[in-house]
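Chains as they are written, first to last, in this note's numbering: chain A, 6 to 337; chain B, 6 to 337; chain C, 6 to 337; chain D, 6 to 337; chain E, 6 to 337; chain F, 6 to 337.
None of these hints come from the bench; they were simulated from the model. Given the structure is predicted, the values throughout are model-derived calculations rather than measurements. Watch out, some of these pointers could steer you wrong.
If several chains are the same, the list does not tell them apart, and a pair holds so long as it fits within one copy or across any two.
Claimed, not checked - Simulated pairs of lysine to any residue, SDA-like, Cα-Cα distance not exceeding 25 Å:
(1) LYS181 to ILE335
(2) LYS266 to ASN28
(3) LYS181 to ARG337
(4) LYS225 to ALA155
(5) LYS111 to ARG248
(6) LYS166 to HIS312
(7) LYS181 to ALA325
(8) LYS190 to THR159
(9) LYS111 to ASP229
(10) LYS218 to ASP242
(11) LYS171 to ASN76
(12) LYS111 to LEU240
(13) LYS296 to ARG337
(14) LYS260 to GLY137
(15) LYS181 to LYS214
(16) LYS226 to VAL215
(17) LYS216 to VAL180
(18) LYS181 to GLY329
(19) LYS181 to SER117
(20) LYS225 to GLY137
(21) LYS166 to PHE113
(22) LYS132 to GLU270
(23) LYS296 to ASP242
(24) LYS111 to TYR99
(25) LYS296 to SER194
6 protein chains.
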Amino acid sequence: MTSLVPKVVTFGEAMLRLVPPLNLRIEQAHSFTTFVGGGELNVAVGAARLGLNTEWVSRLPETPMGRLVLNRAREFGVETARVVWTPNDRVGLYFLEMGAAPRTHKVFYDRSGSAISKIRPGEVDWKAAFAGASLFHTSGITPALSPSVAEATTEALIAAKEAGLKVTYDLNYRVKLWTEAEAQKYNESIMQYVDVLITTEEDTERVFKVKEKNYDDVAKKLYDQFGFTAVAITLRDNLSVWRNDWTSIVYDGSKILRDMKYELECVDRLGGGDSYVAGFVYGWLTGDLDKANRYGNATCALKHSQHGDFSLSTLQEVEAVVAGGGNLRIER
Amino acid sequence: MTSLVPKVVTFGEAMLRLVPPLNLRIEQAHSFTTFVGGGELNVAVGAARLGLNTEWVSRLPETPMGRLVLNRAREFGVETARVVWTPNDRVGLYFLEMGAAPRTHKVFYDRSGSAISKIRPGEVDWKAAFAGASLFHTSGITPALSPSVAEATTEALIAAKEAGLKVTYDLNYRVKLWTEAEAQKYNESIMQYVDVLITTEEDTERVFKVKEKNYDDVAKKLYDQFGFTAVAITLRDNLSVWRNDWTSIVYDGSKILRDMKYELECVDRLGGGDSYVAGFVYGWLTGDLDKANRYGNATCALKHSQHGDFSLSTLQEVEAVVAGGGNLRIER
Amino acid sequence: MTSLVPKVVTFGEAMLRLVPPLNLRIEQAHSFTTFVGGGELNVAVGAARLGLNTEWVSRLPETPMGRLVLNRAREFGVETARVVWTPNDRVGLYFLEMGAAPRTHKVFYDRSGSAISKIRPGEVDWKAAFAGASLFHTSGITPALSPSVAEATTEALIAAKEAGLKVTYDLNYRVKLWTEAEAQKYNESIMQYVDVLITTEEDTERVFKVKEKNYDDVAKKLYDQFGFTAVAITLRDNLSVWRNDWTSIVYDGSKILRDMKYELECVDRLGGGDSYVAGFVYGWLTGDLDKANRYGNATCALKHSQHGDFSLSTLQEVEAVVAGGGNLRIER
Amino acid sequence: MTSLVPKVVTFGEAMLRLVPPLNLRIEQAHSFTTFVGGGELNVAVGAARLGLNTEWVSRLPETPMGRLVLNRAREFGVETARVVWTPNDRVGLYFLEMGAAPRTHKVFYDRSGSAISKIRPGEVDWKAAFAGASLFHTSGITPALSPSVAEATTEALIAAKEAGLKVTYDLNYRVKLWTEAEAQKYNESIMQYVDVLITTEEDTERVFKVKEKNYDDVAKKLYDQFGFTAVAITLRDNLSVWRNDWTSIVYDGSKILRDMKYELECVDRLGGGDSYVAGFVYGWLTGDLDKANRYGNATCALKHSQHGDFSLSTLQEVEAVVAGGGNLRIER
Amino acid sequence: MTSLVPKVVTFGEAMLRLVPPLNLRIEQAHSFTTFVGGGELNVAVGAARLGLNTEWVSRLPETPMGRLVLNRAREFGVETARVVWTPNDRVGLYFLEMGAAPRTHKVFYDRSGSAISKIRPGEVDWKAAFAGASLFHTSGITPALSPSVAEATTEALIAAKEAGLKVTYDLNYRVKLWTEAEAQKYNESIMQYVDVLITTEEDTERVFKVKEKNYDDVAKKLYDQFGFTAVAITLRDNLSVWRNDWTSIVYDGSKILRDMKYELECVDRLGGGDSYVAGFVYGWLTGDLDKANRYGNATCALKHSQHGDFSLSTLQEVEAVVAGGGNLRIER
Amino acid sequence: MTSLVPKVVTFGEAMLRLVPPLNLRIEQAHSFTTFVGGGELNVAVGAARLGLNTEWVSRLPETPMGRLVLNRAREFGVETARVVWTPNDRVGLYFLEMGAAPRTHKVFYDRSGSAISKIRPGEVDWKAAFAGASLFHTSGITPALSPSVAEATTEALIAAKEAGLKVTYDLNYRVKLWTEAEAQKYNESIMQYVDVLITTEEDTERVFKVKEKNYDDVAKKLYDQFGFTAVAITLRDNLSVWRNDWTSIVYDGSKILRDMKYELECVDRLGGGDSYVAGFVYGWLTGDLDKANRYGNATCALKHSQHGDFSLSTLQEVEAVVAGGGNLRIER
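The shape of chain A in the complex, shown without the other chains:
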């Protein structure tokens, strides 16, 4: 039975999130709630919840903290057999302060020297990982971690294309990790392996220097420049910290695919973009780009109501929202 379920492989870092309870500032904190999160693991978990087979590839230290990350991945059904283990290095962390208007959420990374930042090409048997798989996903965070991770990312992308996989890529520019120039240089070098680019207007301007008069034109410009299968632009409107609007567009070379705008009550917006990718990947592998976009948005919308980096929505939940989830009555 499971042989018919498409398999998705992702590659990237996962960190421990440490967040003070009750909107407390970090300086006030006497305890931290902890979650595990990282773009590509978030995608793997979110997609596994929707029913895909997913595998997450990374590098972790042989410590309780490393195993904690592993356990959270396994807990939600992600395969982890190809995680590379090292007796050295550390697990990256990020501290999070939850805001409320007019104070925004703040993320403080403490990820330097993490195990994955020291991965080198050749450590992962990508050929085996991709056997029977349908899609590979990574993001612009992974190659930004260090030059050796960038090399390993390129290696993985090439292997994915050689194995005939579809490739999705979330551009995700992180200013703390590399400069715009570095990001541009690397990302331009690997766009040839990417089928679907998922990004925001802001990131494309910073990384690819694309500035158009509206989202549609940004998508078209990127499509034309890199020859993708499609470009997805996610659109968030920060009405306040607790209320956001969300939608996205997809350009497939011939038309702009649009979806409804979701009005969100934000329990936790971190990982929202990754949950869009999870839904997108599910929709694409089981349907078409329009389904991808609509499932991406529904998965993302539901994620905002859930605590932690992961989307835990089930396929049934996502499909109820896609089908017109305006009903907010208690479900008994």
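Based on these hints, arrange chains B, C, D, E and F on the given structure of chain A.
Same frame as chain A, but now just chains B, C, D, E and F:
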């Protein structure tokens, strides 16, 4: 002094509510906050807080879980001397996931085999329970628990009318407990004992197949069909999960009584309808149907700001809201 | 370096705040989260966070509860060397119930017999305290604590003026502590020592019997009556319990200084007015009255997103909001 | 049925206990777990759990804190109808630091000005309270609260004897409340109304200046001096903070009744002595002084394993221990 | 690499454990900490942590509570692909009260009607499950759940033997599930499929009516009666609730294998016996019966220091204790 | 007044401690309780609590995590004006698993790249720091952090001696930070600046290769080798994880000073050695070496009952234990 305070008797199940903290999904939970709740106990507590004498009748197992339910009822001043105890059976539970738009709250019942579901006619001395009492309240959940509870409910209703009590009944259809046909058959058989029916447009359509073009007509149709003293229709507007509007109408055979619309910030909406009943009962027994409706709405509005199934508002708090509680300044 | 930083001295009570978790009512509580707060300590902490040197003067008992208050003041950089210690008396408390519309927040004071309420003139060496200081702040709560505290407050105000300090005064009328007549009599006697009065329209009506047709006129009337350097009127709009709007005006004798209106998501509004004072004091000592008002509002706006009585915003955070903090994107 | 159950009436103060979690010092605390406790309420709860009818008489303020105390009493089945309510005054508190060897537990009282400390003779209808009751219990803490409470205590004791009740009295000397001389004078004046004195060797030395060479002689001396029905001396051995030994003796005028020594793991020893009284009262009213002593010790031993001031043991649990509770296997 | 690791399959129920925090009684609880546990899942987790491949077979409902159980199994590396899913039924629960001497731990089961209690023969493809596996483990709890589970258990045992697996069986008599006679009848019928019986003196007396003058003779009697490969008798000494001693013996037909006695500080003893099995299985599959016994004891000893039903000890930790873990210095 | 209080300066790292609640393993953790700790800050806090003026010198990043460390130091009265701030680097962390016999506590450091590890000579104005100070304390952990910290440590030691301060040094060997050879080489080079060496038998063997037949001889050997004023050897006996015995000896060149053995219930033993130093320093500066030793032991004994790295005992508490703290009755 207390002899002048009207007494209300209610009959039904109370369960342990298990809810993960922090909007977590049940699958993520490593702890559950627990409350005790159940429609008729909620009414008894809410009415006791407003100053009425109240007694709750039910059936509980002789276990710490059974006594936990008892303790919570006593804590807020509800009489429990006629609870039937059994060495067997269990306390029903419900698991709750708190949502945020577009994810709705979800209730997962685990109430099968509860002690009250096995109560049979003759186990409660209703004549004694109703001595000196003014009003009996139960809901459509109680008879749905099992055929024997349905029989016991009918027994109680008949005894209540024989003892000259007023009877309020909250139609509350629960699809997991019985079919619409079963609900219709039973409920039609006992409407003769009911003085005031409290319900929603949706439930009356499902149970009594009443479908009119507006709420007023639904109330009138029910009034005409069953010959009540009055019909109350509660009206909730789910603006989002965290924001609701609430009001209600009462039809007394000659006119539609209306009230202001309350704008609610929803800490916990479960038990909201029961708190309407609590306020309604207080207002009716100490005034008239218009007071009943207005106190019902104010009690219900305040309940939404309180955690747990019970309304803990005092009479002073309810009357401040009825008198025009638009003042949201800090009360010092 | 620190010799160039202006020093602010404040005088007043700080209490333990006891608040049930999760919006629970006090009657339901099995635990209380605790913070330390009190108008003048809140100002001292808020201003210290912005970079000023601050000292808080008070009276505390030699108990763990007294030291707990001391520790919280020191934790955020407030000098406490002149706190008066006593082997007797107690630390005042206040219990807090957090509301949600239509239920407002409620504060229940339990501060009778606190150590500071027994302070008498002569116990503090104000001359030493004010050496090198730029500004003294207290509020109408302090003299309301007891006649001896009122005398000590007057003593401090006189000493402040003799030492050439600027004096800010938050009128803050507390009906539980004294009558309007008592408040009027005392406050009128000490307005001669006050440079800037910070207040609300409501409090000025209750204390000074000033009732004008709009805020501007209230400020002008007070200015004319008492001969201040300036009058600040803070303006809060309780849209709901979770959402407030906030701004303020300052009248400097020649013009009304206005600022933008902030839309606030209220994690905790207690101490909001004090954080306005903290920002005002910082802005005034490092700029002018317009800067005072704008920094006051930004500091106050940010405070509403923070748990506890203290404003923990840094100067960098406040200045980002002043500069146009509409950006609610995650800061990474 | 309930008419055959003996009724016990107690009179005294109950406070909120505030204790930091996790053995934290008060100065470190950012939250407090809260319980309600006070000698005579502890006895009423403990005895109610064993099956007696119990009523607690006290005086409470009309605040959420006052109702919180009431609710906890009702929760465990104690009657509270004669509690005197006042719009003024406060609920007493005590802060608790839990120790570990060599640091002992520390209690910091904050009970001055509590509602009960202002009760005066005539406020309670003792005649009605004692109708149908079998026993009255109070302790040396109650009269120590204030002279007016002492008068009210004497009034209650006289009324109890007039109504034919048995009277138990726990000497409980509290140095913070009165001097040894005051305690001696008052206690000597009311021993004529006491049937059974329950105390420790240390307290009898401080209050009655009784110093003998062993416990037995202390009991005999007290018996001879005051003409009691019996004297109970409780014997605790503080092996460490986490491990205590406990037993007690009772002298009935003819012989010393002894019991086994219990080896205790101390989750919470506060209220231990009160739970001895609860078990004693149950045993005495349903048996004899030997049963009283043995049930007192078993109830006390079990209390040490329970968090909070109350003994929550059931009769079944106590009888299992009395019957030889050496079995520490898991009970399934 | 993983193909060389022995695989263990277990079959049985896992429940949600609900335990009040802080030694609170269930009647006092306002929250429950939750763990997942059940004998055979505990063994699977414990053995997986030591490095074996393990698979747990059970039946779960398609609810968040069912998936919660699944997730916890996966989290610690247990394979779950053959869990049978049902749209009906429930997850069993057990409530736990943690004791302290002289109050013992109490378990209150609420497992009636659980999904696994309705499993029938034929629902699991045991042949596939056992392909490549080395050992099958179940316990006397599984067949006690219902007659149909007993049939399914027999089916599994037969299949295991046919597939050439070793079989371990923990006798574990549960009086709430079946009578001694029922247990005897069933267990005698399936001992033919068991290679190693793991039990206690008490259970063998209740189930097999074996009563000898010492442990050694019990083991020999059982060995002779049923023709096992070996019999293990675990020996716990309840010094108190917080301190236990633990060891065990194994009889292999020729000699009694003994081990050191462990002195345990008991954070949580539930699941202790299962962790012995986990260590035993690891030791047996990678060595001999003496290694099995010593690894079983060390794993069990370490389990007592860990919260929850699962043993989370790593092989490295167990081997350090086996090698002489008397060193209690901090490991840095 | 404060000018008469001796001042102590310490230098070293402080980290965030992250510890799972409830004896949970790190792999199970969904939250971490957090404390701040580090040998030299622990000493500064412990000594400040006893009444000394103390200053802690370190290097911290300008982040909320850096300020969190600062705040905790200030909270308990430690001066921090000379902490060096950097826009780069991080705060070191350590994860802690609390054990229970036979599982020991485990510390997992994540301190690489911390701000202090990059401090260089010349960054601290030691001359100013030592003006008016009586004693300087650091430990063998500080120079082990990096070669540049070692240089800075030597610089501080030389400056301390030049300024006429007493110097105490806790040898504290950390195998994760440097080799025994590196530790020996550095420590031998700076022993000339040390007046009192505080250490354990184990550490002296590893660092100085001193192995004698008993503690006394170790102390004498060290004394003779390095020419100290005194050598203190602390002696811990791990009876179990929850129970330890503690004492120490001091050799002053002429005699071995001994003290009573403390029986400890261990809430948290981390920081125990540092609290010995805190008490030692207090006793020495206000008395002699015998007082130093006895106050050190009492402070250390009390620390074991307190959660977190800091000793929060007051002078009154320590002196009560020194005076014979065998009384474990509740202090009211």
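For each hint, the structure was consulted:
When the C-alpha separation of LYS181 and ILE335 is checked against a cutoff of 25 Å, the pair qualifies only between copies, where the shortest distance is 14 Å, while the shortest distance within a copy is 43 Å. Taking the closest pair of Cα atoms, LYS266 and ASN28 come within 25 Å of each other only across two copies (23 Å); inside a single copy the shortest separation is 28 Å, beyond that limit. When the C-alpha separation of LYS181 and ARG337 is checked against a cutoff of 25 Å, the pair qualifies only between copies, where the shortest distance is 8 Å, while the shortest distance within a copy is 46 Å. For a Cα distance limit of 25 Å, the shortest separation of LYS225 from ALA155 qualifies neither inside one copy, at 27 Å, nor across copies, at 58 Å.
In this homomeric assembly, LYS111 and ARG248 come within 25 Å of each other (Cα to Cα) both inside a single copy, at 17 Å, and across copies, at 21 Å. With identical chains, the CA atoms of LYS166 and HIS312 are never at most 25 Å apart, being 35 Å at best within one copy and 47 Å at best between copies. In this assembly of identical chains, LYS181 and ALA325 lie within 25 Å of each other by CA distance solely across copies; the values are 19 Å between and 39 Å within a copy. Taking CA atoms no more than 25 Å apart as the test, LYS190 paired with THR159 passes inside one copy only; the shortest distance there is 13 Å, against 46 Å between copies.
Proximity of LYS111 to ASP229 under the C-alpha cut-off of 25 Å is found in neither arrangement, the shortest distances being 35 Å within a copy and 45 Å between copies. For a Cα distance limit of 25 Å, the shortest separation of LYS218 from ASP242 inside one copy, 17 Å, qualifies, whereas the shortest one across copies, 38 Å, does not. In this homomeric assembly, LYS171 and ASN76 never come within 25 Å of each other (Cα to Cα): the closest approach is 28 Å inside a single copy and 29 Å across copies. For the identical chains of this complex, LYS111 and LEU240 are intra-copy neighbours only, at 20 Å inside a copy versus 29 Å across copies, given an alpha-carbon limit of 25 Å.
In this homomeric assembly, LYS296 and ARG337 never come within 25 Å of each other (Cα to Cα): the closest approach is 28 Å inside a single copy and 32 Å across copies. Within a single copy, LYS260 and GLY137 get their C-alpha atoms no closer than 31 Å, and across copies no closer than 53 Å, so neither meets the 25 Å cut-off. Taking CA atoms no more than 25 Å apart as the test, LYS181 paired with LYS214 passes inside one copy only; the shortest distance there is 18 Å, against 47 Å between copies. Within a single copy, LYS226 and VAL215 get their C-alpha atoms as close as 8 Å, which meets the 25 Å cut-off; across copies the closest is 57 Å, which misses it.
Taking the shortest Cα distances, LYS216 and VAL180 sit within 25 Å of each other inside one copy (18 Å), while across copies they are farther apart (54 Å). Within a single copy, LYS181 and GLY329 get their C-alpha atoms only as close as 39 Å, which misses the 25 Å cut-off; across copies the closest is 23 Å, which meets it. Proximity of LYS181 and SER117 under a CA criterion of 25 Å is satisfied in both settings, with 11 Å inside one chain copy and 19 Å between copies. In the homo-oligomer, the alpha carbons of LYS225 and GLY137 never lie at most 25 Å apart, since the shortest distance is 32 Å inside one protomer and 54 Å across protomers.
Taking the shortest alpha-carbon separations for LYS166 and PHE113, neither the intra-copy value of 35 Å nor the inter-copy value of 41 Å comes in at or below 25 Å. When the C-alpha separation of LYS132 and GLU270 is checked against a cutoff of 25 Å, the pair qualifies neither within a copy, at 42 Å, nor between copies, at 49 Å. With identical chains, the CA atoms of LYS296 and ASP242 are at most 25 Å apart within one copy only, with a shortest distance of 22 Å there and 31 Å across copies. In the homo-oligomer, the alpha carbons of LYS111 and TYR99 lie at most 25 Å apart both inside one protomer (10 Å) and across protomers (23 Å), since each shortest distance falls under that limit.
In this homomeric assembly, LYS296 and SER194 never come within 25 Å of each other (Cα to Cα): the closest approach is 29 Å inside a single copy and 49 Å across copies.
Checked against the numbered hints listed earlier, the structure breaks hints 4, 6, 9, 11, 13, 14, 20, 21, 22, 25; every other hint is satisfied.
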